[in-house]
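One letter stands for each residue in the lines below.
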Amino acid sequence: MTERTVEDRLREEYFLLSSEIRRVLHQLQTDVTYLLLPVTLDLKYHERIHIEARAKECDSAINALRRREEARQFDEDSPTRYSLANLPDLAALRVLVFPKSRLEDVHTIVRAKYAEWTSDPVKTGTPPRFRAWKYHGFCSTSSRVRAELQVVPMLTGLFWQIEHDAFYKPRDAVLRGAANKPVIRERTERVYDAFDELEDVLERELQRNAERDAV
Amino acid sequence: MIALANGVLGTRMTDLTVKEELLENSGYRYHFDRMIYINRAARRAFSLEFVEDHSQQEIQKLLETPATNEWVFHFNEPPSDRVKRELAEALGK
Numbered sequence: 001m002t003e004r005t006v007e008d009r010l011r012e013e014y015f016l017l018s019s020e021i022r023r024v025l026h027q028l029q030t031d032v033t034y035l036l037l038p039v040t041l042d043l044k045y046h047e048r049i050h051i052e053a054r055a056k057e058c059d060s061a062i063n064a065l066r067r068r069e070e071a072r073q074f075d076e077d078s079p080t081r082y083s084l085a086n087l088p089d090l091a092a093l094r095v096l097v098f099p100k101s102r103l104e105d106v107h108t109i110v111r112a113k114y115a116e117w118t119s120d121p122v123k124t125g126t127p128p129r130f131r132a133w134k135y136h137g138f139c140s141t142s143s144r145v146r147a148e149l150q151v152v153p154m155l156t157g158l159f160w161q162i163e164h165d166a167f168y169k170p171r172d173a174v175l176r177g178a179a180n181k182p183v184i185r186e187r188t189e190r191v192y193d194a195f196d197e198l199e200d201v202l203e204r205e206l207q208r209n210a211e212r213d214a215v
Numbered sequence: 001m002i003a004l005a006n007g008v009l010g011t012r013m014t015d016l017t018v019k020e021e022l023l024e025n026s027g028y029r030y031h032f033d034r035m036i037y038i039n040r041a042a043r044r045a046f047s048l049e050f051v052e053d054h055s056q057q058e059i060q061k062l063l064e065t066p067a068t069n070e071w072v073f074h075f076n077e078p079p080s081d082r083v084k085r086e087l088a089e090a091l092g093k
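Residue numbers (our numbering), protein chains in the order written: chain A, 1 to 215; chain B, 1 to 93.
To be clear, the hints were calculated from the coordinates, so they are not data collected in a lab. Do not take every clue at face value.
Below, computed lysine-lysine pairings styled on BS3-like, alpha-carbon distance capped at 30 Å [claimed, not checked]:
1) K123(A) <-> K181(A)
2) K100(A) <-> K123(A)
3) K113(A) <-> K123(A)
4) K100(A) <-> K44(A)
5) K181(A) <-> K84(B)
6) K61(B) <-> K181(A)
Have a look at the derived ranges for each label pair, beta carbon to beta carbon [as the list claims (entries may be wrong)]:
7) T126(A) <-> D81(B): 36 to 44 Å
8) Q57(B) <-> L16(A): 47 to 55 Å
9) V72(B) <-> F138(A): 39 to 47 Å
10) L158(A) <-> D33(B): 21 to 29 Å
11) Q56(B) <-> S101(A): 53 to 61 Å
A virtual CB, placed ideally from N, CA and C, is assigned to each residue, including glycine.
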């Protein structure tokens with residue numbers, strides 16, 4: 001009989017978890033959208049809050065576990081070491097906010113509801129610089145599927161979408177894994193810093209306009 | 001879509017870039033899929049995690065050790081015999 005591989009076992013686990021993942025995502029998206037309704041209705045013309053939800057796909061979940069292994073190789077002699085339930089983001093919600101002045105408000109509202117969740121802010125660079133809030137935990141609908149919630153400056157979040165397809169999980173085999181290459185990480189840091197500086201300038205301009213209008 | 005390519009971080013980028021140059025000058029190439037630095041002629045590989053966590057001097061010292069007929073894997077967590085066998089097979093092609 002053919003031996004079942006680690007990947008075979010994980011695919012079976014995903015099949016068993018998939019309906020729970022969808023339920024968790026539905027609950028999380030509904031709750032956060034409702035929480036943010038007042039601030040969303042209060043947005044000025046140029047301000048944005050976008051909520052993006054995604055259920056991690058089977059291959060993506062398996063690859064996330066694989067990336068935790070050096071040389072991205074499962075040890076087929078230790079199949080019980082691996083479980084998709086160990087992933088913190090089988091269901092994930094990202095709240096994109098523009099401009100930065102709205103970010104803290106949005107985060108405070110969301111964090112108050114999920115105060116028990118484990119905080120794991122995104123920091124990059126040397127010295128590490130804050131890029132986004134991130135936390136994970138369980139929704140009441142499932143004790144097995146952990147969900148992740150991010151509150152992210154919109155410019156950074158939109159760049160992550162490009163980075164994701166181009167460097168992090170590209171279909172092009174040549175580029176696969178490129179995001180972790182030191183030289184690319186270094187250049188990526190510069191992009192984050194440029195976004196921060198741009199937002200700071202925009203913020204100052206908005207503030208200046210507001211003061212002028214008030215006179 | 002949510003991209004979560006952002007977990008890592010805090011390692012000295014410049015330091016890493018220098019270590020990468022050291023490896024590339026010694027005939028190693030970065031394997032994007034496996035995230036390892038590999039030299040097929042020397043039958044040796046360094047995981048990205050190992051490179052991040054070890055100094056330039058430590059890596060230099062390892063590069064100076066003579067090559068053998070067997071594949072050598074410099075990983076933070078030593079790979080099992082099965083992983084070594086499967087990697088040698090995959091990388092030896």
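Exercise. Could you say whether the range 36 to 44 Å given as a hint is met by the Cβ separation of T126(A) and D81(B)?
Key: The hint (36 to 44 Å, Cβ to Cβ) holds, given that T126(A) and D81(B) are roughly 37 Å apart.
Quiz prompt | Consistency of beta-carbon spacing, D33(B) to L158(A), with hint 21 to 29 Å | solution = Distance hint for L158(A), D33(B) holds at roughly 27 Å.
Practice problem: Sort out whether K123(A) lies within 30 Å of K100(A), counting only the CA atoms. | Solution: Roughly 16 Å separates the two Cα atoms, so the pair holds.
Exercise. Mind checking the hinted window 39 to 47 Å against the Cβ distance between V72(B) and F138(A)?
Key: holds (43 Å)
Quiz item: CA of K181(A) to CA of K84(B), is that 30 Å or under?
Solution: holds (23 Å)
Quiz item: Is the hinted pair K123(A) and K181(A) satisfied, with a Cα-Cα distance of at most 30 Å?
Solution: holds (17 Å)
Practice problem: Could you tell me whether the CB distance from Q57(B) to L16(A) stays inside 47 to 55 Å? | Solution: Holds: the Cβ-Cβ distance is about 49 Å, inside 47 to 55 Å.
Quiz prompt | Hint consistency between K61(B) and K181(A) [alpha-carbon to alpha-carbon, up to 30 Å] | solution = holds (22 Å)
Practice problem: For the pair we were handed, K113(A) and K123(A), check the Cα-Cα distance against 30 Å. | Solution: The given pair, whose Cα atoms are some 23 Å apart, holds under the 30 Å limit.
Practice problem: With a cut-off of 30 Å on the C-alpha distance, tell me whether K100(A) and K44(A) pass. | Solution: holds (13 Å)
Self-check item: CB-CB spacing for S101(A) and Q56(B) relative to the 53 to 61 Å hint
Solution: For S101(A) against Q56(B), whose Cβ atoms are near 43 Å apart, the range 53 to 61 Å is violated.
Going through the hint list in order, the structure does not satisfy hint 11, though it satisfies all others.
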